[in-house]
Structures are given as C-alpha cells and as structure tokens.
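Protein chains: 2
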Amino acid sequence: MGSKLTVNSAWRATRTLWLLVLVSLSVCVCVCRASSPQEDSAMENIVTEKKAEESHRQDSADLLIFIMLLTLTILTIWLFKHRRFRFLHETGLAMIYGLLVGVVLRYGIHVPRDISNVTMSCHVNASPATLLVNVSGKFYEYTLKGEISANEVNEVQDNEMLRKVTFDPEVFFNILLPPIIFHAGYSLKRRHFFRNMGSILAYAFLGTVISCFVIGLLMYGCVTLMKKVGQLGGDFFFTDCLFFGAIVSATDPVTVLAIFNELQVDVDLYALLFGESVLNDAVAVVLSSSIVAYQPEGDNSHIFEVMAMLKSFGIFLGVFSGSFALGVATGVVTALVTKFTKLRDFQLLETALFFLMSWSTFLLAEACGFTGVVAVLFCGITQAHYTFNNLSPESQDRTKQLFELLNFLAENFIFSYMGLTLFTFQNHVFNPMFIVGAFLAVFLGRAANIYPLSFLLNLGRRNKIRSNFQHMMMFAGLRGAMTFALSIRDTATYARQMMFSTTLLVVFFTVWICGGGTTQMLSCQRIRVGVDSDQDNSMSIAEGSERRSTKQESAWLFRIWYNFDHNYLKPILTHSGPPLTATLPPCCGPLARFLTSPQAFENECQLKDDDSDLILTDGDISLTYGDITVSTDASGAHTSGGPGFAGGATSEDLDRELTYGDHELVMRGTRLVLPMDDSEPPFTDPHHRLRM
Amino acid sequence: MGSKLTVNSAWRATRTLWLLVLVSLSVCVCVCRASSPQEDSAMENIVTEKKAEESHRQDSADLLIFIMLLTLTILTIWLFKHRRFRFLHETGLAMIYGLLVGVVLRYGIHVPRDISNVTMSCHVNASPATLLVNVSGKFYEYTLKGEISANEVNEVQDNEMLRKVTFDPEVFFNILLPPIIFHAGYSLKRRHFFRNMGSILAYAFLGTVISCFVIGLLMYGCVTLMKKVGQLGGDFFFTDCLFFGAIVSATDPVTVLAIFNELQVDVDLYALLFGESVLNDAVAVVLSSSIVAYQPEGDNSHIFEVMAMLKSFGIFLGVFSGSFALGVATGVVTALVTKFTKLRDFQLLETALFFLMSWSTFLLAEACGFTGVVAVLFCGITQAHYTFNNLSPESQDRTKQLFELLNFLAENFIFSYMGLTLFTFQNHVFNPMFIVGAFLAVFLGRAANIYPLSFLLNLGRRNKIRSNFQHMMMFAGLRGAMTFALSIRDTATYARQMMFSTTLLVVFFTVWICGGGTTQMLSCQRIRVGVDSDQDNSMSIAEGSERRSTKQESAWLFRIWYNFDHNYLKPILTHSGPPLTATLPPCCGPLARFLTSPQAFENECQLKDDDSDLILTDGDISLTYGDITVSTDASGAHTSGGPGFAGGATSEDLDRELTYGDHELVMRGTRLVLPMDDSEPPFTDPHHRLRM
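Read top to bottom, the protein sequences are chains A and B.
Residue numbering for the first sequence follows our numbering, starting at 1 and increasing by one per position.
Residue numbering for the second sequence follows our numbering, starting at 1 and increasing by one per position.
Read the hints as simulated data drawn from the structure, not as lab findings.
Heads up, a few of these hints could be off.
The calculated label-pair distances, taken between Cβ atoms and stated as ranges, are [stated by the list, open to error]:
| # | chain 1 | residue 1 | chain 2 | residue 2 | range |
| --- | --- | --- | --- | --- | --- |
| 1 | A | 524 | B | 166 | 57 to 63 Å |
| 2 | B | 493 | A | 314 | 52 to 58 Å |
| 3 | A | 107 | B | 325 | 32 to 38 Å |
| 4 | B | 428 | A | 428 | 36 to 42 Å |
| 5 | B | 392 | A | 171 | 28 to 34 Å |
| 6 | B | 235 | A | 108 | 46 to 52 Å |
| 7 | B | 342 | A | 234 | 52 to 58 Å |
| 8 | B | 53 | A | 237 | 48 to 54 Å |
| 9 | B | 306 | A | 52 | 26 to 32 Å |
Positions of the beta carbon are idealized from the N, C-alpha and C atoms, including for glycine.
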C-alpha cells in the first residue's frame, strides 16, 4: 500500500509537472503573441505615453519568459532530485530550457516590423549622453544606449523580438553577479580554506596568470595560422588573445561542487577547488580589465611596449588591492556596528543592515573605480569571518537563506540566459578553426595551471596533492557565469564576437560534459565518497597525534595568520576570542578595555572558538563538533586564562583547532583514505583505496 | 555594576552611531565630489565607453547615497526602539534623513556644467522609441526616455546632480511597490479580516469612491475660486481634481499599525484599518487609471459625457476584476504545484518557486494590460490562505522573512526618496491656496468615508463600530507610499506638478503629525492597550456563550464564504480540510479521490484547521492557541467524521472557530473593554474604560 501510494504520487507529480510545462510555455507564447497585434494598432497613434505603455507591457512579457523558464527549471530540478538523477545539474538544465526558448523565439515567432520603432538617422557632430529631440514643438528626451556597428543598423530593425529579450550586459555585472560572488565568499568553508590557503592562493593567482598567458599564446598561434589560411574576417590582436585567455581562465565548478557536497567527497579537495574558483574569478576580472587598459602610446596601438605593460601591471595591482581593501573595510565596519550596538534584538533591522552594508561595498567600489565584484567577494569572506559571529542566531539563518536564494536565482537566470543567447544573439561568429583552437588552448591552459603548480606545491606540502586529486581538479575546470559575463560585456568588434560565440560553446561543453561526468570521474579516479563516519572513527585516534605534527609543520602561513587573527582581530571585531586586555601590551590598557566586549571577559575561559561558528550548509557537522568539544575537554585539554594567555596559549589553541579539523575530516567520512606518509599502518580495503 | 555597564554601552552605542552618521555622510559627499573632477577631465575624450563608465560610476555613487540613507535610518530606528521612543516611526525618520540629504544636494553641492552632456536639438518629424544618431560614420543608439516640457529644457542642463538622483517614476510601480503590496496581502491577519470582511469591503470600495468624489468636488471648487482670484497658472480640469481625489484616497497607516502592534490594540480595529488600507490601495490605483482613461470623443475633451463615463466605469470594473482573477489564479496554481509535488523536501527550491510565481503574477498582469500591483495583492492573500499551508515550516519562515525584509527596504526607500524629492524635484508648484484646500478636502473626504459608512454598517453589525473607533480610523488615515507613487508617476503638466507638490506635503503632515500622535490619540480616545492576558481570562468564560451567538448572527457573509472555502477550496488546494470524497456529491467520486491528498484522509479526524496556520508576526499567539485547542477538546468539543461531515459539522466548525477567535481576542488582551450589549456585567475599572 505504502509503496503503491508513493509510485502513484510520483507518477501524478510527473504528469502534473509536464502539464505545467506545456501550460506555462503556451502562456508565454500567448502573451508574446498577444502583445503584437496591439503594437500594430498603436502604429497610427504616435503618443509617447501609449508607446511607453506598450514598451512596458512588452518588457513585462519578456521578463515573464525568464521567470517561467526559471520556474520550469525549478520543477524539473525537483523531479531530478526526487529521482536521484545526477547527470544534469540545475545550471545545465537551465541552459537547455534557455536553448529551447531561444529556438522558439528565433524561428517560431515572427513579430511584424514595428513602424513606430523605425529608427531615423540624424546627423550631428558628437554623441552626447542625453539628446533632446524637437518634434513639432514638443521635446522628447533620449538617453544614449551605446554604439552599434554599421552593419547592425539594418538588423536592429529587423528582429525586434530578439532584441527585446537581450539584456544590457551590465545587468550581469551590476545585478546578477554580485549576489553570486558574495554568496561564494560568505559560504566559503573557512577552516579548510585557511588550511589550504597557500595552495589556493597559488592556484588562483599564479595559476590563473599562467593559464591566461598559455591560452593567449596558443590562441595567438591559432589566429596567425587562420590569417594565413584566410579564415580570419577581421582584426585579432595579441591583446585580444590575452583577453580571451583571461576570461576563460575563470573557473566555476558549481556543478562539480554540488555533486561533491552530495557525495561527501574529500573536504581538502573541495576546499582547493572551491577556494580556487572563488578567487580566480576575482583575478580574471581584474586581469581582463588590466589587459583592456593596455594602451601603448602613439599611433600603432598594438605593438609591445614595456611602459604600457608596466602600467597594466600597476592597474592590476592597484585595482585588486583597492577592491580587496574596500571589501574588507566594509566588512570590518559592519562587524564593528553589529558589535557595539544591540541591533541583535531586532532581527529585521540587523538583516537589513547586513544586506545594505554588503551591497554598499559593491557600489562604493564601483563609484571609486575599483571592481565591485572583487570587493563583494572579500566583503563576503570578512562578513562570514567576523560579522557572522556578532549576529543573532535568527539573523545568521536569515542572511544565509537570503543570499542562498539570491545566489540560486541569479545563477539559474544567468545559465538560462546563456542558453537563450546562443540563438537570440544576432552577431555570432562561429569559426570552426578558432573553436577547435580554443578548446585545445583551454585544455592545455588548465593543465599548465594544475600540474606544474601541484608539483611545486607538493615540494612544500606534507599533505601532498595526489595525482588523482590533480586529475580531478583538471577535470573540474568548468567555465560558467563569470566567463559568460566577461565575454558578453563587450561584443562590438569582430574579435570580441568570435570570442563570445566560442566562449558560449566552451561553457556548454564543460558544464554538460565535465559537469555530467563528475560522478564517473570520481569513481574512475577512485576518490572515495560517502564514507560512513563511524567506520573511520577508530582509525582517527591512531592517526591523531601523528597527523597533528604533520599539520603543525606545514601550515606556517595559516599559523601566522591565525595568531594575529585570534589575538587581535577577533577580539576587536567580535564578541569572541580572548579579551584584548590579555593580548595587547599593557600600555594600551584603556583602549583594550574600550574595545573588548563584556562577553569576551565572560567567555574568556570557555572554548568558544571562532571557527566553530563555521557557516556550513549541512547542519549535522556542528553537532558532531559539539561532541568532540566535550570529549576533548574531558580528556584534560587545558582552558587557559590570565596574562600569560597571549604568548603561550595560542599555539596550543591552534593545535587544538587543527585536531578538531582532523576530527571533523574523519567524522564526516569524507577523507580520501590514503597513507599520509610511510609510517602509517597499512589499510586493506582494495575497493576504496589506491596506492600510487 | 550591571546598570553601569548598560548605561556605558548605551552611551558607547550612541557615540558610535553618530560617528558613523558623520563618516558615512562624508563618504557620500566625498564620492559625489570625487567623481566630478573626473567628469571634467573626460570632457575632451568623447569616447562612448568612457562616458558610459563615468555614468555608471555616477549611478553607483547616487545609489550609494540611498543605501547610506537607509543604513542611517536603520541605526537610528534601532536607537529609538532601544530607548522606546515612539513619536517617530521609521518611515517618518527615513523622510527626515531624505530631506536633509535633499537640502545638501540642492544647496551644498554644485556640479559644474557637464559639457559632454550638453543636449542638442535635432528636428525630426516623429518621436520613435529608438533613435540612431550618425556621428561621423559611427552609429549611436538612443532610447526614448519621455517627453519634457519646453520650459524644462534649459533647467535640464543646469542641475545635473539633481537629475541624477531622480529615479524613473516607474521604478516605484515596477520594483518597489510590488513587494510592499504583496507583503501586505501575505501578512493580512486572515481571521479578523474575514470576520470584518463586509465592513472592510464597504470602507475600501464605497469609502474610497466617496472620498475620491468628495475630494474631487471640493478641489474643483477650490480651483474655480483660484481661477477667479487669478492664482491658477495653468489648466486644471475636473478630471484632474478627481484624479487628485483618487490618489490621496489611498491610505497607508503603516506608522499607526506599527504602534498598534507594539501596544496590542484591539484586533478588530487593527483588522478594519489594515484591511481597509490594503484594499483601498488597490481601489485607488484602478480608480485613478480609470479617471485618466476618461476621454470624451470630439475636440473638447473636458466636457461631461455619459458614454465616456460609462466606459471609464467599465474599465474600472474590467481592470479590477481582471487583476483580481489573475492574482488569485497564480496563487491557486502555486498552491496546486506545492500540493501535488514533493517540493517541500527541498526548501530552497520551494522558496524560489514561491517567489518566482508571486513575481510572475505582477508581470503577467502588466503584460495583459491589468494592474500588477492589484494582482500581486490578491496573489498574496491567496498564497497566505492556501499555499502557505502546503509549504514546509522552513519555507514558511523563509518566505515570511524574505518578504518582510523586501517590504522593509522598499518602504524605507520610498519614504526617504520622498523626503529627498521635496528638494531635488525641479518642477514643484507650491500654491498656498491649493494646499490649504487640499488639506481641508483630504480631511473632509476621510470624514465622509468613515462616519456615514460606520453609521450604515452599525445598522447591520451587532459588534458595533464605536465612535472612538471611528475617530481613531479617521485619525489613522495617513497617506503614504501608494499616494506618492501615483502622484509622481506623471508630472508633465502644471496640474500634475501642483498635485505632486501638495501630495508630498499631505504625506509629510499625516506621517509626522498623525503618525506621531497615535499614542496620544489612543489614550485620548481611551482605547485600551496592552491588556494582560491573565486578567481577562476569567471574564472571557462568562462572556463566551453570549458572544458566540452574537457572532453567529452577524457574520453571514463570512459564513457563506467559510462553508464554501472549508468544504471545497481548502481540500482541493491544500493538504488540510475534510477529504473531498466526503464533501462532494458521490457522482464526483473519482475526481474527489484524485484531488484529495493522502494527508487529508489521515488528519480527517484531527483538529487541523486552516486558520490555526495564521500568519502572525508575533510568535506567542500560536502558543496561546495551542492551549486553547487542548482545553476545548478536553471540554468535550466534538471531532466529527464520516459522510455526514459536510452538512452538519461545518456550522459547528465555524462556531468553534469563532470561539477561538474570541478566545484569542481576549487572551491577547487587546480587546477594548466595552459592553457588547446591555446584558453584560458592569466592569469597574474607571481608568481603562469608557461608557458612552
């Protein structure tokens, strides 16, 4: 009876779903069609108000198409999740629906030429931002939308419908990307991030630059070859190649990470991939804008010039550090405000303040000429690390859920728009040679990032990045929202159009093929998944002491950072950590007393550590944590206090923290079971183990 | 020690706050100033990209001003709440901050005339939506922004800064109002709303129309007088007067209701005021658009014509019912989707779907030519009544919190913009005579709405609307976001500009004076507040049976609706209610089985009533509820089942429901203690009671 009911309800659900799909698609199409005849009837009546109204109605209908697309995506995702179907991630699905609607819009609907929109040429000497047009005594105001190439002029008038569903590319940068990037920063699993900080920074900075230049050089070779063969229809300079390298170097393994989360794959691998992808987005944005800023003086603007290159390098450093500083500064201000006021009594105010302050980072960075997206990323990390601890539990939930929702909506919107734009964008340049070259270059660029860097990092790391991890990182180099947003930002020239079309294909391929093959790749590389937490528990005790020393030696960057953060930053910015009166030199006494919150004195002796407030998407870990905290306390772990705290206790604190990290690692059952070094006792399960 | 600490921290908080106020204001001003010299330097370099970048930076800076304003508002609100300072509501505060920034922008900052923005006149014969401008071979695209009056042409160029901070009025209708209105519908306290449905509908529909015509006629008198005296500087027709009547008839007692909530004022008064204000917004929107649509044929378009008036009336009915139907339809679709899928297992998907479906109502209505704001209101009510019951508890919280936040941000944004626009709007027409007339008309219009209707309603109501309630409703007729949005929508003509300026003053006055005086008015009218729930408990038992019969007689509209809703709609759309197999005639058996969810069969015998899922902003009431449910069960209240359910049980259900309503009324301690009729035992507390 029970099983029959389930089957029945699943079947009913499927039926309902497809009915809904049909209904909503037809509603979309009806609305689109419905507004066309009214547009026709409005022809004679050239009244501004009427036209504005029509245009508003059309805009609503267009936006409705996207909302319907997202709704369908959500329902289908649910069906996939319900049936544990893992080959297609929601983003891949959004792209497919986008593609379908794109095909319908392109070939299915023909909107008759709208005479009221006929464009007129008007010869003036400059292109002001605002234009007043005198129509028989009445003045109409026009605002500049942008330059369009001469060959587009006729097309513009031809397919009004396709133009209507085309968004201003800046929408992606100013509205859709910020919440995605902020969410990435806000949900960074900080413990694992900081533990692998050195490697992540190496992959993100050095790796992205390597990837950019390798792809740029390869593409330059490809383009030169094309020019010789006669396949190139316009200019394509070396800076264009480098620009292409920069934009396709931003990885976005959202599909892969979703599967990692579900299958509970090794947390270090997760941290490496996620940390890299979050930071290399920032690097790629700044890198691409520095390359665009490369402007040698004189007439021939495409020769190499040392000064111009140095200037570009300076811009890169300036913009990156400026955005970083702004992001961190806003985060710190928010932390201070939430610490020194009692806003936590009013959750709505607290959440609103948090949201507004985070948003203001973006605006402030953009207004100052820095990069808002980068600032937002570092603001997110700062908010998670400091402000989050000052928020009331309700606001912690609220902010997490709010940004989760915004991220989900924005991401799926971008991916469905990506699918749509393959058919609705009107200036595609698909060049087979360029495409093949680009795929090869992207592959080699990723390889040149991962393998050499991993080799170098392994020289310094005790906890080596094994070759199957490297293969997985290589495979997980998907391209996503950031690559798309960067490539659609400017599609004015031939080179940029070719890049855009090629980038679309790269994104489609990587999201569908690499994203869909993640589970296969994981089992092929014998990366153990979903380990039962009880199973590894006994082993972890044996490994404990040995592992601790391993970590203590290797994570020197983390150690320096941790000491500073724990002794000074945390106590200043949050209610946790040791009181500043203990960590600061005695001469700063009054200041220390002013900055230390009463709570810090109270919980001085408690084990209320910063990173136990980790933002985790799954709630069970904090529970596991609680147990460990208790057991560690029971086994005689010290609780220090008093004036000697600053010097002596922190290394033990760090130790304890790292031990917890390992405990968590093992208890989540997500660690790859591989010998840490040769002294480890052999493990005999041949199915789940790989020695290489 | 403890008190000293509190004082210290409060002082510290205040200090920090004002420091922040100064810092953020100076940041704002700096950013605004910082971008000006760069604008100057960009003069020579008339490259579109550069200009677009500059314009983007300026936009970011402008938006930043608003974000900072909101942040300041939040911090100050917190301070007020912290100190229980009730004379100024957050919206009033937002207006004050807006005013201050408006003064600074108007008189403090002078942006030098920007040559790159100099407007050029270009004589063509029509005003197309898109304009292509040929500048020495390059084509630039311009989009139509709107018509501007000839005398504005020079001003446009003069004060660029003020124009920059001016938003497109459609932003209010398409972005800011929908979440506010949806939230109003979604948080409508449904029990009290439905119980007072007749009165609320009368106030909202009849009352708004009365108010509109009274104000319109009075203003027409005023305008005629002005014309005679020679005070009128332009055309002002009777339709303009009526339009003014329509826009200032939309009440928005958000300030008053916030205080009601805090002080726990009588729930019936709350329901009357809230229900009226929610619905009359919808009525006012549709009414004003019908008045605009009044276009008699022929040349003289301002004479009275029956056909045109009938057409306007038809438009009113058509648009209102269309928007209503669309809103309800989307709500029903969402309810069905959430009922027949197992989306509740994935809260993120569920919340996202809910959000998207609710938004799509707005777009669908706008695309079909109906009024999105009205559709969104009824969608919100439907979602709260049906869909809410199908959501998982997490999603219930999430959606509530999400729309609460959106509402808070949008509302404060609108009010701070209102303050700002008093100084930054460049076409104000302040006419003292018109203003005095308008204040008088608004007062009389409200009186003509409340007092006669209350008299008529009291003829039918057993639970009379007492005269102190009537005075309070009269006093609480604040004007707010909707009035502002309607009046700023079109400021092209002299009449509209004068209306807009006057409306601003009406809003300021009512929000500050009436909103600030709410507490005084409550005590002046001796409306009892904050009654302890224990105190009234003993009395409620004595009153119980008597009150029940009172309700049974009066709420016939509610009764019809309740029976239909409980027997058919609830079981079809949600998991609660009796199974359809019991309520539908036997011939519909298969359909009934298909539509009834398994849960309905399971909880058939349980007392899981719809309205126990009330959306309440304060959590303690549901707790109170729980107790009552238990006690009522224990005292022998039946639980019915079987085929006889449909006919016999519902009236008892209704009975029980109404009893709960009364219980809650008393237990919240928010009932005004007045004799229901003469048979009530006298009550002897002279301070809290009034017999008239």
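Each hint tested on the structure:
1. A/524 x B/166: 57 to 63 Å: holds (60 Å)
2. B/493 x A/314: 52 to 58 Å: Between residue 493 of chain B and residue 314 of chain A, where Cβ atoms are some 54 Å apart, the hint holds.
3. A/107 x B/325: 32 to 38 Å: Once the Cβ atoms are compared, 33 Å apart, the range 32 to 38 Å for residue 325 of chain B and residue 107 of chain A holds.
4. B/428 x A/428: 36 to 42 Å: Roughly 50 Å apart at Cβ, these two residues miss the hinted range, so it is violated.
5. B/392 x A/171: 28 to 34 Å: About 32 Å separates the Cβ atoms of residue 392 of chain B and residue 171 of chain A, which means 28 to 34 Å holds.
6. B/235 x A/108: 46 to 52 Å: holds (48 Å)
7. B/342 x A/234: 52 to 58 Å: Given about 53 Å between the Cβ atoms, the range holds.
8. B/53 x A/237: 48 to 54 Å: For residue 237 of chain A against residue 53 of chain B, whose Cβ atoms are near 22 Å apart, the range 48 to 54 Å is violated.
9. B/306 x A/52: 26 to 32 Å: holds (30 Å)
In summary, the numbered hints that this structure violates are 4, 8.
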